[in-house]
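Asker: So the sequence shown is numbered by this note's numbering: it starts at 9 and just counts up by one.
Treat the hints with caution; some may be incorrect.
[Said to hold, decoys possible] Result set (SDA-like, lysine to any residue): computed pairs, CA atoms no more than 20 Å apart in a straight line:
1) LYS97 / HIS140
2) LYS103 / GLY54
3) LYS78 / THR91
4) LYS43 / ASP65
5) LYS103 / VAL121
6) LYS103 / VAL77
7) LYS60 / ASP74
[Unchecked claim] Distance ranges between label pairs, derived from CB positions:
8) GLU104 / GLU132: 19 to 25 Å
9) LYS103 / ASN80: 39 to 45 Å
10) ASP102 / LYS43: 31 to 37 Å
11) LEU134 / GLU42: 29 to 35 Å
12) ALA92 / SER64: 33 to 39 Å
13) ASN80 / THR115: 32 to 38 Å
14) LYS78 / GLN146: 21 to 27 Å
15) SER64 / GLU139: 39 to 45 Å
16) ASP102 / GLU139: 35 to 41 Å
Since the hints were derived computationally from the structure, they do not count as laboratory data.
Beta carbons: idealized from backbone N, C-alpha and C, even for Gly.
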Amino acid sequence: MEDMILKVPCPNDTKQCTVSGGKVMETVILLGDEKQNMQCLTCGYGSNNNMKEHISDNPFPQEFKDVCVKLNDRFWAPSVFTTANYNVKPTVKDKELNWIITPIIDTTTEVLVPTFADAFKMVEKLEGLIEHKIQQSQDN
Numbered sequence: 009m010e011d012m013i014l015k016v017p018c019p020n021d022t023k024q025c026t027v028s029g030g031k032v033m034e035t036v037i038l039l040g041d042e043k044q045n046m047q048c049l050t051c052g053y054g055s056n057n058n059m060k061e062h063i064s065d066n067p068f069p070q071e072f073k074d075v076c077v078k079l080n081d082r083f084w085a086p087s088v089f090t091t092a093n094y095n096v097k098p099t100v101k102d103k104e105l106n107w108i109i110t111p112i113i114d115t116t117t118e119v120l121v122p123t124f125a126d127a128f129k130m131v132e133k134l135e136g137l138i139e140h141k142i143q144q145s146q147d148n
């Protein structure tokens, strides 16, 4: 089934999300599957059917559980975002959420970014540059 786009309120507050007060409707990717996987492309938080239970039942480390948010009977957690060439992964240290960008082919290289929105923009730009280079090499 194809991915669908659904607009839902961002699950975060202003300390964690770039959406003002979390009340602005923001685009969330909703995968058309039984698990109802979804992820906000502004704050990076995601959820699915398995996250309707209490988050303490999940095998996440406590510092990760501490940054999860409950909204409308569903828990939202900072989630990994994968593109063709990069992963954007959440990391929590000293109760502060940051994001790590790693190339898929070189997982030893990491770039630490303070917000998912910044990481998403960087990866989007990098993917565009890679696509442009591939197109140039095919044209030559």
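Asker: Now tell me if each hint is right for this structure.
Answerer: Verification of the hints:
1. Our distance criterion of 20 Å between C-alpha atoms is broken by LYS97 and HIS140, whose separation comes to about 25 Å.
2. A distance of roughly 19 Å separates the Cα atoms of LYS103 and GLY54; the hinted pair therefore holds under the 20 Å criterion.
3. Proximity of LYS78 to THR91 is assessed by CA-CA distance (about 27 Å); at most 20 Å being required, the pair is judged violated.
4. The hinted pair formed by LYS43 and ASP65 meets the criterion: a straight-line CA distance of about 17 Å does not exceed 20 Å.
5. With a C-alpha separation of about 15 Å, the suggested pairing of LYS103 with VAL121 holds against the 20 Å cut-off.
6. Note on LYS103 and VAL77: the hinted pairing holds, with a Cα-Cα distance of about 14 Å set against a maximum of 20 Å.
7. Distance hint between LYS60 and ASP74 is fulfilled; the C-alpha atoms sit about 16 Å from each other, no more than 20 Å.
8. The hint said 19 to 25 Å for the Cβ distance between GLU104 and GLU132, and at roughly 24 Å that hint holds.
9. At about 25 Å, the CB distance of LYS103 to ASN80 disagrees with the hint of 39 to 45 Å.
10. Roughly 32 Å separates the CB atoms of ASP102 and LYS43, a value that falls within the hinted 31 to 37 Å.
11. Judged by the Cβ atoms, the range 29 to 35 Å given for LEU134 and GLU42 holds: they are separated by roughly 32 Å.
12. The hinted range of 33 to 39 Å is satisfied by ALA92 and SER64, whose Cβ atoms lie roughly 35 Å apart.
13. For the pair ASN80 and THR115, the beta carbons lie near 35 Å from each other, so the given range of 32 to 38 Å is met.
14. LYS78 and GLN146 have their C-beta atoms about 48 Å apart, which leaves the hinted 21 to 27 Å range violated.
15. Take SER64 and GLU139: their Cβ atoms lie about 42 Å apart, and the range 39 to 45 Å holds.
16. Under the hint 35 to 41 Å, the C-beta atoms of ASP102 and GLU139, about 37 Å apart, fit the expected range.
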